[in-house]
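Make the full structure from the sequences, and use the hints.
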Amino acid sequence: MTALRSIAMLGAIVASTSACVTINIYFPAAAAEKAADRIIDDVWQLRERATPAAPQPVEGEAK
Amino acid sequence: MIPLMTVVRSWLAIILFAAAGLAVAQGNLEIDTPAIGALKQSMQQRHAQLAPLYDSGVIGLAADGNITLRDASGLPLAQRGPVNALVAAENADRAALYREIARANGHPEWEADVRATFAERWIDRAPAGWWVQRGGGWGRK
Numbered sequence: 618m619t620a621l622r623s624i625a626m627l628g629a630i631v632a633s634t635s636a637c638v639t640i641n642i643y644f645p646a647a648a649a650e651k652a653a654d655r656i657i658d659d660v661w662q663l664r665e666r667a668t669p670a671a672p673q674p675v676e677g678e679a680k
Numbered sequence: 091m092i093p094l095m096t097v098v099r100s101w102l103a104i105i106l107f108a109a110a111g112l113a114v115a116q117g118n119l120e121i122d123t124p125a126i127g128a129l130k131q132s133m134q135q136r137h138a139q140l141a142p143l144y145d146s147g148v149i150g151l152a153a154d155g156n157i158t159l160r161d162a163s164g165l166p167l168a169q170r171g172p173v174n175a176l177v178a179a180e181n182a183d184r185a186a187l188y189r190e191i192a193r194a195n196g197h198p199e200w201e202a203d204v205r206a207t208f209a210e211r212w213i214d215r216a217p218a219g220w221w222v223q224r225g226g227g228w229g230r231k
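Line order of the protein sequences matches chains S and Y. Read in order, the letters of the first sequence are residues 618 to 680 in our numbering. Read in order, the letters of the second sequence are residues 91 to 231 in our numbering.
If you are wondering where the hints come from, they were derived from the structure by calculation, not from laboratory data. None of these values were measured; they are calculated from a predicted model. Warning: the hint list may mix true and false statements.
Quick list of the computed label-pair ranges, beta carbon to beta carbon [said to hold, decoys possible]:
1. Y:146 to S:647: 33 to 39 angstroms
2. Y:128 to S:654: 16 to 22 angstroms
3. Y:224 to S:658: 19 to 25 angstroms
4. Y:128 to S:622: 52 to 58 angstroms
5. Y:178 to S:654: 23 to 29 angstroms
6. S:658 to Y:198: 21 to 27 angstroms
7. Y:125 to S:664: 20 to 26 angstroms
8. Y:171 to S:643: 39 to 45 angstroms
Some chain Y residues well away from chain S (every beta-carbon gap over 12 angstroms; in silico) [unchecked claim]:
9. 160
10. 163
11. 164
12. 168
13. 178
14. 224
15. 228
Quick reminder that beta carbons are idealized off the backbone N, C-alpha and C, glycines included.
Pasting the structure below:
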């Protein structure tokens, strides 16, 4: 009888604790910033603008 | 001593569950979904038309994660309608983007946080010369 009651109580504790963990995950601010930067790079095409496709002049060949 | 074993086992389960939650929270956000990809592409195409308007200060980056028609005085009357439509379309895409990112990560309630994060990053990463809203006031970067 007591064993049954303690098992039931444990079940309740496990259920409520795991529910808390699932529902109340805090907002991952650092991951969101990273995600935002990746999307902003794409929308504003910042990486392409930062590295212009100008071909490197070949040096040392005129000698 | 079966109850003791059960206690140990269930606490182990709780700890593992919490650790898994933490791992999800500290990893990367899911942004590679078809819906997010389509929004990104739509915004990227529109950006070609928006860029000169950012440069001239007609539109600016607002603190709420949207863009705003800031100063239409330099804009010919005939262009005001189309520019307004561009701003509205961009803000609709942005709203959908923030909503989709929250949803793709299983937390629709994160939408406002996603929007706030983007608002900050759009403004921080805007090139010099663009108008941005910071602390309630507009200023030129």
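Now for the hints, and whether the structure bears them out:
Distance hint for residue 146 of chain Y and residue 647 of chain S: a CB-CB separation of about 35 angstroms, consistent with the stated range 33 to 39 angstroms. The beta-carbon spacing between residue 128 of chain Y and residue 654 of chain S, approximately 20 angstroms, falls within the hinted interval of 16 to 22 angstroms. The beta-carbon spacing between residue 224 of chain Y and residue 658 of chain S, approximately 22 angstroms, falls within the hinted interval of 19 to 25 angstroms. The beta-carbon spacing between residue 128 of chain Y and residue 622 of chain S, approximately 55 angstroms, falls within the hinted interval of 52 to 58 angstroms.
Residue 178 of chain Y and residue 654 of chain S have their C-beta atoms about 26 angstroms apart, which keeps the hinted 23 to 29 angstroms range intact. Taken as a hint, the range 21 to 27 angstroms holds for the pair residue 658 of chain S and residue 198 of chain Y, whose Cβ atoms sit roughly 25 angstroms apart. As the Cβ distance of residue 125 of chain Y to residue 664 of chain S is approximately 23 angstroms, the hint placing it in 20 to 26 angstroms holds. For the pair residue 171 of chain Y and residue 643 of chain S, the beta carbons lie near 44 angstroms from each other, so the given range of 39 to 45 angstroms is met.
No beta-carbon of chain S comes within 12 angstroms of the beta-carbon of residue 160 of chain Y; the shortest separation is about 18 angstroms. For residue 163 of chain Y, the requirement that its beta carbon stay farther than 12 angstroms from each beta carbon of chain S is met, with the minimum near 26 angstroms. With a closest Cβ-Cβ approach of about 23 angstroms to chain S, residue 164 of chain Y is found to remain outside the 12 angstroms limit, as its non-interface label requires. For residue 168 of chain Y, the condition that its CB be more than 12 angstroms from all CB atoms of chain S holds, with the nearest at approximately 28 angstroms.
Against the 12 angstroms criterion, residue 178 of chain Y stays outside the reach of chain S, whose nearest CB is about 17 angstroms from its own CB. For residue 224 of chain Y, the shortest C-beta to C-beta distance to chain S comes to about 17 angstroms, beyond the 12 angstroms cut-off, and the non-interface label holds. The non-interface label for residue 228 of chain Y is consistent with chain S: the shortest C-beta to C-beta separation is roughly 20 angstroms, beyond 12 angstroms.
This entry satisfies every hint, going by the numbered hints stated previously.
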